[in-house]
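Novice: These are the residues of each chain, in order.
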Amino acid sequence: MLMMGAVGLAIARIRDLFAVSMLSGIFSLIGAAAYVVLDAVDVAFTEAAVGAGISTVLMLGTLALTTRKEKLGGGKSKSTTAFLVVAVTGAVLVYGTFDMPRYGDKIAAIHHHVVPRYIEKSGEEVGMPNIVTSVLASYRSFDTLGEVFVIFTAATGVLAILGRARRRREDEEADEGGSDTKGAAS
Amino acid sequence: MQGLVDIFKPLYDLWLSFEAFMVGPASPGLLGYWIVIALMMTGFYIVIAHDNLVKKIVGLNVFQVSVFLFYILMAKVTGGTAPILAEGITQYSNPLPHVLILTAIVVGVATTALGLALVVRIRNAYDTIEDDEILAVEEEEDR
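Those protein sequence lines, which keep their order, are chains A and B. Each residue of the first sequence is one higher than the one before, counting from -5 in our numbering. Each residue of the second sequence is one higher than the one before, counting from 2 in our numbering.
Same shape as in the complex, but just chain A (with noise of 0.2 Å):
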């Protein structure tokens, strides 16, 4: 976890795009390896597939489609007021953390209401040995549903914007080629 915080630091202070994109998915992968210590090797897998992979591949289009290099800019005054609002920010949330419940509490209050039904449950109940699978799948598939739909619509959205952007270059060019046209005619 601190090297993720190197990571991080670099991504802030490093202006070459590409860079930026290829340590971000460094940065979920480390994130994936910390997720395996911490026992979530579901959660580890997706996101070495999707963080990793998938962001990763859609930056790289992007830059594609723009840019490559971080123009210089801002100024000292704003990164300052940046960096006052963060630190301020940051002490809140670390003045938060005190009421946590310890890291490992056996006996936090996220550990208790629903969750001992699924573990001693979803063996019988669902037949599947990950929990996780079939608390996703069975417990609460209406929010896997919806999380289906999400993804619809982001992937409606992007295709709109962008084809409707392509659509229009190509319109673009079809009058800028006739106004061409025109002017070799007169």
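Because the hints were derived from the structure by calculation, they are not lab data. Treat each hint with caution, since some may be false.
As the list claims (entries may be wrong) - Here are a few chain B residues that face chain A, going by a calculated C-beta distance under 7 Å: (1) Leu31; (2) Ala50; (3) Pro96; (4) Val100; (5) Ala114; (6) Asp143.
Said to hold, decoys possible - Covered stretches of chain B (chain A as the covering partner; in silico rule of three or more C-beta atoms under 8 Å from a C-beta of chain A): (7) 43 to 49; (8) 66 to 79; (9) 102 to 113.
As the list claims (entries may be wrong) - Listed next, the in silico DSS-like pairs over lysine-lysine satisfying Cα-Cα at most 27 Å (straight line): (10) B:Lys57 with A:Lys100; (11) A:Lys115 with A:Lys100; (12) A:Lys63 with B:Lys57; (13) A:Lys115 with B:Lys77; (14) B:Lys77 with A:Lys65; (15) B:Lys77 with A:Lys72.
Glycine included, every Cβ here is placed at the ideal spot set by N, Cα and C.
Dock chain B against the given chain A, drawing on the hints supplied.
Specialist: Only chain B this time, still in chain A's reference frame:
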């Protein structure tokens, strides 16, 4: 050889004390949360201090991953294993945050894709992906 061991001994001791501080019963046990907060603030800083839109989206991703890590940290139980039913294991880590974060990762990628598509569209319209330059173009158009 012995010299090499002597060099690395203090480093190893430092790591052991770090681990004890992190999980030991007498420790505050909050260090993980603090690292998460540091990561979160790094992402936040990238989002508000940089003008480049792609960089802002990367910052949002960093923020997002730190929130995921926060949930997974809370789900960990000392002595527990991954929540997959097996013979002879009595203590599992909490599966519910894992399910939530599984969903959140996929939704996060969907929003990232949408944001990057918007960046491409902005680049087509304004010919730049820097926030301040977009503002300058807008002001010029208003005039």
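Novice: All hints, please: hold or fail.
Specialist: Hint-by-hint comparison with the structure:
no. : hint                   : verdict
1   : Leu31                  : holds, 5 Å
2   : Ala50                  : holds, 4 Å
3   : Pro96                  : holds, 4 Å
4   : Val100                 : holds, 5 Å
5   : Ala114                 : holds, 5 Å
6   : Asp143                 : violated, 21 Å
7   : 43 to 49               : holds (count 6)
8   : 66 to 79               : holds (count 10)
9   : 102 to 113             : holds (count 11)
10  : B:Lys57 with A:Lys100  : violated, 38 Å
11  : A:Lys115 with A:Lys100 : holds, 20 Å
12  : A:Lys63 with B:Lys57   : holds, 14 Å
13  : A:Lys115 with B:Lys77  : holds, 20 Å
14  : B:Lys77 with A:Lys65   : violated, 42 Å
15  : B:Lys77 with A:Lys72   : violated, 39 Å
Going down the numbered hints, you'll see the structure goes against 6, 10, 14, 15, while the others check out.
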